Amino acid sequence: MTARWAGPLIVGFAVSIGTGLGACSAPAAEPSLVSASLQPKLRLVTVDAPQDSAMDAAFTGTLSVDANDCVYAHPGDGSEVYTLVWPQGYSAKGDGKAFEVVDADKHPVVRSGSEFELGGGLVDSPRDNWTQKDCAKGTLWLVAPPDFSQVSRPPGG
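Letter by letter, the sequence shown follows residues -28 to -1, 1 to 129 of mature numbering (1 follows the signal peptide of the UniProt record, and there is no 0).
In case anyone wonders, no lab produced these hints; they're calculated from the structure. Since this is a predicted model, take the numbers as computed values, not measurements. Worth double-checking, as some hints may not be accurate.
The calculated DSS-like cross-link candidates involving lysine-lysine, where the alpha carbons are at most 30 Å apart (straight line), are [claimed, not checked]:
(1) Lys105 - Lys13
(2) Lys105 - Lys65
(3) Lys69 - Lys105
(4) Lys109 - Lys65
(5) Lys69 - Lys109
(6) Lys65 - Lys78
Required output: the full structure, derived from the provided sequences and hints.
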């Protein structure tokens, strides 16, 4: 008699232990936290030092993101590619479909999907103090800080 119910009893005991151990494991991360951490970080070319001068020509265009998560700009009809070189501390928030570039204080400067105008000027080649230089392609445009009074000027300048 003991042999008839001993097998099912042992199996039932093993299943309940396995279920109990599963309940003791670490809780699953919230889906929103997991998906946010898996999103690629958008990449901007920035100047990794305060700018000591600024150009004041105007650039008008729209933003896009390439397969390497690099943010680019397109003037006018969008056929040309410009790399905008942002001031120190700027970053991109969002994903490749909807994002914004924010300044060092995290205030929005430009948003994807909208035409914008920024001051600055053309640059011949990447500089040593730029970040994300592997994103630099096309025409290079050095974005001027939004307030020229923030730009440090040499004495007597």
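Indices of hints not satisfied (ascending): none
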